[in-house]
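Trainee: Sequence:
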Amino acid sequence: MSLTVRVVAPTGRDAELIVEVLQQHGLKAEACRDALPLLEAASREPIGPLLIAEESLTKAVTQKLVEVVHEQPAWSDFPIVILTMGARSVRRGRTQERYRHLGLPILLERPIRTETMVSSLRAAVRARMRQYEVRDALAARDGVLAELRTERDFLRTSEERFRRLIENASVSINISDVDGRITYANPALLRLIGYTAEEVERGEVRWDELTPPEFAEADRLATERMLETGTCVPYQKAYRARDGRIIPLLVGMTLLPSSSKEPQSTRAAVFLTDLTQQKQAETALVQSEKLAAVGRLAASISHEINNPLEAVTNLLYLVKEHEGLPPEMHEYMSLAELELARVSQIATHTLRFHRQSTRPREVPPQELIQSVVALHQGRLLNSRIEVVYQERGADPIVCYEGDIRQVLNNLVGNAIDSMRTGGRLVVRMRNGTLWQTGRRGVRITVADTGHGMSAEVRARIFDAFYTTQESNGTGLGLWISKGIIEKHEGRLRVWSTDRQPCTGTVFSVFLPRELSTA
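Each position in the sequence shown, counted from 1, maps to that position plus 14 in the numbering used here.
Rather than coming from a laboratory, the hints here were simulated on the basis of the structure.
Check each hint, because a few of them may be wrong.
Using 20 Å as the maximum straight-line C-alpha spacing, the simulated EDC-like pairs for lysine to aspartate or glutamate come out as follows [said to hold, decoys possible]:
#, residue 1, residue 2
1, 42, 59
2, 501, 528
3, 78, 48
4, 293, 228
5, 73, 59
6, 78, 59
7, 334, 324
8, 293, 324
9, 42, 129
10, 496, 470
11, 501, 324
12, 78, 91
Pairwise CB distance ranges (calculated) [what the hints assert, rightly or not]:
#, residue 1, residue 2, range
13, 355, 512, 34 to 42 Å
14, 434, 469, 34 to 42 Å
15, 512, 332, 52 to 60 Å
16, 381, 469, 45 to 53 Å
17, 268, 295, 27 to 35 Å
Built from N, CA and C at the ideal position, the CB exists for glycine as well.
Required output: the full structure, derived from the provided sequences and hints.
Mentor: And the structure:
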C-alpha cells in the first residue's frame with residue numbers, strides 16, 4: 015500500500031520545496047510536475063494522499079480527477095488537499111462548494127503556515143492508512159466468506175457425489191440400528207430383496223426379520239465385534255427376499271459416529287455383496303469336475319473294451335473260415351462282425367472324445383463332427399432323424415479337440431432332443447471370416463427342424479443352470495460350451511423360431527484357424 019504524499023505544483027520549485035518540508039517532518043513525499051500520468055496510475059491501483067496546487071487543476075486534470083474519485087472502491091475516500099490562491103480564489107468564487115464534485119477535499123489557503131500543512135497531510139496519511147486497514151479487513155472478510163462458500167460448495171458437492179455413489183452402487187448398502195431396524199437402503203439392496211424405499215422409511219423392513227434363523231448367531235457375534243472395535247470381520251449370511259428366495263451375502267459393517275443426542279452410537283453402515291453368482295459358479299465347477307470325471311471313466315472303459323472286442327472279432331473270423339460251416343451261419347457271422355465293428359467304432363470315438371491334450375493340435379473339422387455324430391447314431395436312428403452333411407472345403411483348425419468335441423456333442427445332443435418324432439439334422443462346415451476382427455477360420459453350423467425356442471428362452475440359454483429339460487438337464491451345457499468357444503477366441507451364436515410351420519434352431523460356431531495363445 016502507498017502512503018506517499020504526491021505533490022503537484024507546476025510553478026518554479028514549489029513542489030520540491032514542499033517535498034523537502036514534508037520529509038523533514040517525517041512524511042514520505044514525492045514531487046510530480048504533471049498530474050495526468052499520476053491520475054492514470056491511480057485509476058489502476060490505490061495511491062497515497064494528493065497535494066495539488068489550484069493552478070494545476072486544468073480542465074483535463076479536473077475531469078480526470080473526478081473520474082478517479084468516482085472510481086474509488088467503497089472502502090476508499092481518496093485524500094485530496096488543494097492549495098488555493100487565497101483572497102483571489104475567493105473573488106473568483108473558488109470556494110469549498112466549487113470542489114464538492116471531488117468529494118470532500120481539504121482546502122489550504124496560501125500563504126499557509128508549515129505547521130498547518132504538515133498537520134493536515136499527517137491527518138490525510140492517517141486517514142489513508144485506516145482506509146487501507148478497512149480494505150484489508152474487508153478483503154480478509156471476503157476471503158473467509160469465499161472459503162466458507164467454497165467449503166459449503168465442496169460439502170454440497172461431496173454430499174451429492176456420495177449420494178450418487180451410494181444410489182448407483184452395485185453393492186447393496188443399508189444403514190441400520192443394532193436392534194434390527196433398517197433406516198436406509200440403497201436401490202441395489204431394494205432391487206435385491208424386493209422391497210420399496212417407502213416401506214423402509216415406514217420401518218417395515220428389518221434386517222433381523224430378513225435373516226434366516228440359522229444366521230442369528232453369526233449376526234450377534236459380528237455386532238458385538240463392531241461395537242467393540244468399530245468394524246467387524248466380513249462374514250457370510252443370507253437374506254430372505256420378498257418372493258421367498260434365499261440370497262447368499264458377504265456382509266461387512268462399520269459403526270457410524272455418534273451424534274450429540276446419543277452418547278454411544280448404535281447405528282451402522284452395512285455393505286452386502288450378492289454371492290449368488292459365486293455360489294452358482296462354485297456349483298458349476300463341482301458339476302464340471304463331475305462331468306470330467308465321468309468323461310475320464312468313459313475313456314478308461316472304452317480303452318478296456320477295445321481289447322476283448324478285438325479278441326471276439328478274431329474268433330468270429332476263425333469260425334467263419336471253418337470248413338463245413340452251414341451257409342446260414344456264415345450270414346450270422348458276418349452280421350456279428352458288422353455289429354462288433356460298430357461297437358468298436360463307438361468305443362474308439364468315445365476314447366477320442368474324452369482324450370484331452372495339454373496343447374492344441376491341428377484337426378480337420380470333418381473328423382470332429384463325424385466322431386460326435388457317430389456317438390449319437392443309435393438315437394438318430396430311433397428318432398428317425400436324417401443327417402445331412404454339407405462340406406464346403408473347410409480347412410483344418412488348431413484347437414483343443416476334446417473341448418471342441420464336447421461343444422459339438424452338446425449341440426448335436428440338444429438338436430436330437432428337439433426332434434423326438436423325427437426331423438432333419440444339417441451339419442455345415444466351411445471356411446469363414448469373423449467380420450468384427452477380420453480373422454479367418456472355420457464356421458461349423460448345426461441346424462435342426464425341431465420345436466425351436468421362444469425369444470425368452472433364447473435370451474437365457476447361455477446362463478448357468480438355465481434349462482428347459484426339467485429333471486433331464488443341468489443347465490450347464492451351453493454355458494460351458496460358450497466358455498470353451500471364447501477360450502478358443504471364437505464365437506457361438508444361435509438363431510431359433512418356434513412359430514409354425516417353420517420351426518427349428520441353428521447354432522453357429524466360428525473357430526479361428528490358429529490360437530494366438532497357442
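Trainee: Against each hint, give a clear statement of whether it holds in the structure.
Mentor: Hints, one by one, checked against the model:
A C-alpha spacing of about 18 Å is found between residue 42 and residue 59, which places the hinted pair at or below 20 Å, so the restraint holds. Simply put, residue 501 and residue 528 have alpha-carbon atoms about 12 Å apart, close enough for the 20 Å limit, and the pair holds. A C-alpha spacing of about 12 Å is found between residue 78 and residue 48, which places the hinted pair at or below 20 Å, so the restraint holds. A threshold of 20 Å between alpha carbons decides the hint, and for residue 293 with residue 228 the separation of about 18 Å falls inside it, so the pair holds.
The suggested pairing of residue 73 with residue 59 is violated, with an alpha-carbon distance near 23 Å, which exceeds 20 Å. For the hint pairing residue 78 with residue 59, the CA-to-CA distance comes to about 15 Å; that is within 20 Å, so the pair holds. Using a Cα cut-off of 20 Å, the hinted pair residue 334 and residue 324 holds, with the two alpha carbons roughly 15 Å apart. Of the pairs offered as hints, the one joining residue 293 and residue 324 is violated, with about 47 Å between alpha carbons and a cut-off of 20 Å exceeded.
Between residue 42 and residue 129 the CA atoms are separated by roughly 16 Å; this keeps the pair inside 20 Å, and the hint holds. Of the pairs offered as hints, the one joining residue 496 and residue 470 holds, with about 18 Å between alpha carbons and a cut-off of 20 Å not exceeded. Restraint check for residue 501 and residue 324: the C-alpha separation of about 38 Å exceeds 20 Å, so the hint is violated. Between residue 78 and residue 91, the direct Cα distance comes to roughly 16 Å. Compliance with the 20 Å bound is thereby established for this hinted pair.
Range check, residue 355 to residue 512: Cβ separation about 40 Å, and the 34 to 42 Å hint holds. Checked against the hint of 34 to 42 Å, the pair residue 434 and residue 469 fails, with Cβ atoms roughly 23 Å apart. At about 56 Å, the CB distance of residue 512 to residue 332 agrees with the hint of 52 to 60 Å. Judged by the Cβ atoms, the range 45 to 53 Å given for residue 381 and residue 469 is violated: they are separated by roughly 36 Å.
With their beta carbons about 28 Å apart, residue 268 and residue 295 fall inside the hinted range of 27 to 35 Å.
Against the hints set out earlier in the document, violations occur for numbers 5, 8, 11, 14, 16.
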